[in-house]
Amino acid sequence: MPAQESLFWVAAVTGVIWVGVFVYLVKLDRRIRRIEEGE
Amino acid sequence: MTERKDWWKWLLGLWILAVVWAAFFYAPTARGFKGESARIVFFHVPQAWVAVLAFCVNLVASLRYLRRHDALDDARAAAAARLGLVFCILATVTGSLFAHVMWNSFWNWDPREISIAILLLVYAAYFALREAIADEERRASLSAAYAVLAFVTMPFLVFVVPRIYFSLHPDTIINTKGSMDMESRMFQVLMASLMGFTGLFVWLYTLDVRAARIALARRRRQED
Numbered sequence: 934m935p936a937q938e939s940l941f942w943v944a945a946v947t948g949v950i951w952v953g954v955f956v957y958l959v960k961l962d963r964r965i966r967r968i969e970e971g972e
Numbered sequence: 108m109t110e111r112k113d114w115w116k117w118l119l120g121l122w123i124l125a126v127v128w129a130a131f132f133y134a135p136t137a138r139g140f141k142g143e144s145a146r147i148v149f150f151h152v153p154q155a156w157v158a159v160l161a162f163c164v165n166l167v168a169s170l171r172y173l174r175r176h177d178a179l180d181d182a183r184a185a186a187a188a189r190l191g192l193v194f195c196i197l198a199t200v201t202g203s204l205f206a207h208v209m210w211n212s213f214w215n216w217d218p219r220e221i222s223i224a225i226l227l228l229v230y231a232a233y234f235a236l237r238e239a240i241a242d243e244e245r246r247a248s249l250s251a252a253y254a255v256l257a258f259v260t261m262p263f264l265v266f267v268v269p270r271i272y273f274s275l276h277p278d279t280i281i282n283t284k285g286s287m288d289m290e291s292r293m294f295q296v297l298m299a300s301l302m303g304f305t306g307l308f309v310w311l312y313t314l315d316v317r318a319a320r321i322a323l324a325r326r327r328r329q330e331d
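Which chain is which? The protein sequence lines are S and B, in order.
Sequential numbering of the first sequence, starting at 934, is according to our numbering.
Sequential numbering of the second sequence, starting at 108, is according to our numbering.
So here's chain B without its partners, still in its complex pose (with noise of 0.2 Å):
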């Protein structure tokens, strides 16, 4: 990585890491939350983010696919389902530890936990298809089809089934009055947040579809 167009890696890397550091030691303790357990949200919302944001690029991709047949489309929406699924679970795995603070139980069969493991099996189910279908092209076209089903699902399951029913989960960023009820200096903590894991999201992203151009370009010389 010595190219002089990496240099927002290296920052990235700095970047983050100042984030870390920003999340324990500059925003200040929550109000309303036990003991420090609300830092959690400077790691937990990024990642939601960054899975709605790959499931959104997976859909891009997958409509690609149907309009172009290119394998590297299909390789993109694979790309961004496979970070799409990672960031999700992460999310439920940090989602589950601050419940387990706050409620003392990792899983309390809330609307959005109950919610969340759909939308994971609703992904999960992409990965199934594709290792079921040995053919390349009818593996590409039929996930693909399934990506734009599985993508309908994805906003009622983000954001409209848990508003829609009680829930323990804390109010949202942007709550349901339309206001951000937040102390400054943890909002300047979570936009820097967001921003850190949109930009690994982007680096996972490339770094995932150029390993796989590499792959086709050698698969294609094979077959020549």
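Extracted from the complex, chain S is given alone in its bound form (with noise of 0.2 Å):
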């Protein structure tokens, strides 16, 4: 595989861990403050 085409691919994968991890802390932040707002 070419290095730029196997850059774009690590890219790729890392941004969606990131987006994945994101996506789960704003849905965690969200439930705590229902909770905190049920308290």
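What the hints contain is simulated information worked out from the structure, not anything from laboratory work.
Virtual Cβ for every residue (Gly too), placed ideally from N, Cα, C.
Heads up, some of the hints might be wrong.
Derived DMTMM-like pairs: lysine to aspartate or glutamate, alpha-carbon spacing no greater than 20 Å straight-line [unchecked claim]:
#1 960/S - 217/B
#2 116/B - 962/S
#3 141/B - 288/B
#4 112/B - 969/S
#5 141/B - 290/B
#6 960/S - 288/B
#7 116/B - 938/S
#8 112/B - 288/B
#9 112/B - 970/S
#10 112/B - 938/S
#11 960/S - 972/S
#12 141/B - 217/B
#13 960/S - 970/S
#14 116/B - 315/B
#15 141/B - 938/S
Okay, the calculated beta carbon distance ranges per label pair [stated by the list, open to error]:
#16 953/S - 175/B: 15 to 23 Å
#17 953/S - 252/B: 54 to 62 Å
#18 968/S - 114/B: 19 to 27 Å
#19 941/S - 243/B: 16 to 24 Å
#20 327/B - 941/S: 47 to 55 Å
#21 117/B - 970/S: 46 to 54 Å
#22 956/S - 128/B: 47 to 55 Å
#23 292/B - 970/S: 38 to 46 Å
#24 214/B - 963/S: 38 to 46 Å
#25 963/S - 331/B: 24 to 32 Å
Each chain sits in its own coordinate frame; assemble them with the hints.
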């Protein structure tokens, strides 16, 4: 695989991992806020 | 997450996404390294920085617990240590991947690798200690005292030991001559990444502490 192409795929996987972590944190944040408001 | 004060979390999401793009496509290929392996520095160094920051927060929260005996300070200390341990593991894994590319071995028993492994064990023992004590106040007091002792080892294991002995590890960002030997675009990306990871630590830490505050409030209500 050419170096530029493999660099693109590593960047894409890293980006997808971050988006996954970010979405999870946003949902967790909302869940904790809902519990805080219900307390 | 609809409140207006949460704007920084969305900015952080975009910021780290931009850092990922910049790490691979804006920063030039580093000289003196195999292929594109040096790009891992944009993730490895911020992970190590967050681990050190988290252990500092752990120390401050532990000292506060020893002074005030507030259960929330104990929760703050545990949250910081947990994040420190996670980021320390991530820094070890990314360092190991870099070592595999550069020296064809994931583990070389390099002084920096050994010192980070000891640091991991020191903070893993913090959680072993916490799990071993059932009484909450006793657990909080002993783990706070242990955290203070654990922190004493951190500067030696992270900053001193790797600089005393010969190491395969590339020169640190601010090297032993006190100068910064890094191309300016690489330096910009590294600084942006350090800021992003610090923001991520703040978010994770506050989430953990908020969850702990809810758990504590529930427990106090049950006790009343």
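Against the structure, the hints:
1. 960/S - 217/B: Since the Cα atoms of residue 960/S and residue 217/B sit roughly 41 Å apart, the hinted pair is violated (cutoff 20 Å).
2. 116/B - 962/S: 10 Å, holds
3. 141/B - 288/B: 18 Å, holds
4. 112/B - 969/S: At roughly 16 Å apart (the allowed maximum being 20 Å), residue 969/S and residue 112/B satisfy the hint.
5. 141/B - 290/B: Holds, at roughly 17 Å.
6. 960/S - 288/B: 41 Å, violated
7. 116/B - 938/S: 31 Å, violated
8. 112/B - 288/B: Status violated; Cα separation ~39 Å.
9. 112/B - 970/S: 16 Å, holds
10. 112/B - 938/S: 40 Å, violated
11. 960/S - 972/S: 19 Å, holds
12. 141/B - 217/B: 19 Å, holds
13. 960/S - 970/S: 15 Å, holds
14. 116/B - 315/B: 15 Å, holds
15. 141/B - 938/S: With Cα atoms ~17 Å apart, residue 141/B and residue 938/S stay inside 20 Å; holds.
16. 953/S - 175/B: 15 to 23 Å: Since the Cβ atoms of residue 953/S and residue 175/B sit about 38 Å apart, the hinted range of 15 to 23 Å is violated.
17. 953/S - 252/B: 54 to 62 Å: 38 Å, violated
18. 968/S - 114/B: 19 to 27 Å: 22 Å, holds
19. 941/S - 243/B: 16 to 24 Å: Violated: the Cβ-Cβ distance is about 51 Å, outside 16 to 24 Å.
20. 327/B - 941/S: 47 to 55 Å: 53 Å, holds
21. 117/B - 970/S: 46 to 54 Å: 20 Å, violated
22. 956/S - 128/B: 47 to 55 Å: 18 Å, violated
23. 292/B - 970/S: 38 to 46 Å: 45 Å, holds
24. 214/B - 963/S: 38 to 46 Å: Since residue 214/B and residue 963/S have Cβ atoms about 41 Å apart, the given range 38 to 46 Å holds.
25. 963/S - 331/B: 24 to 32 Å: Because 29 Å falls inside the window, the suggested range holds.
The structure fails to meet hints 1, 6, 7, 8, 10, 16, 17, 19, 21, 22 from the earlier list, while all remaining hints are met.
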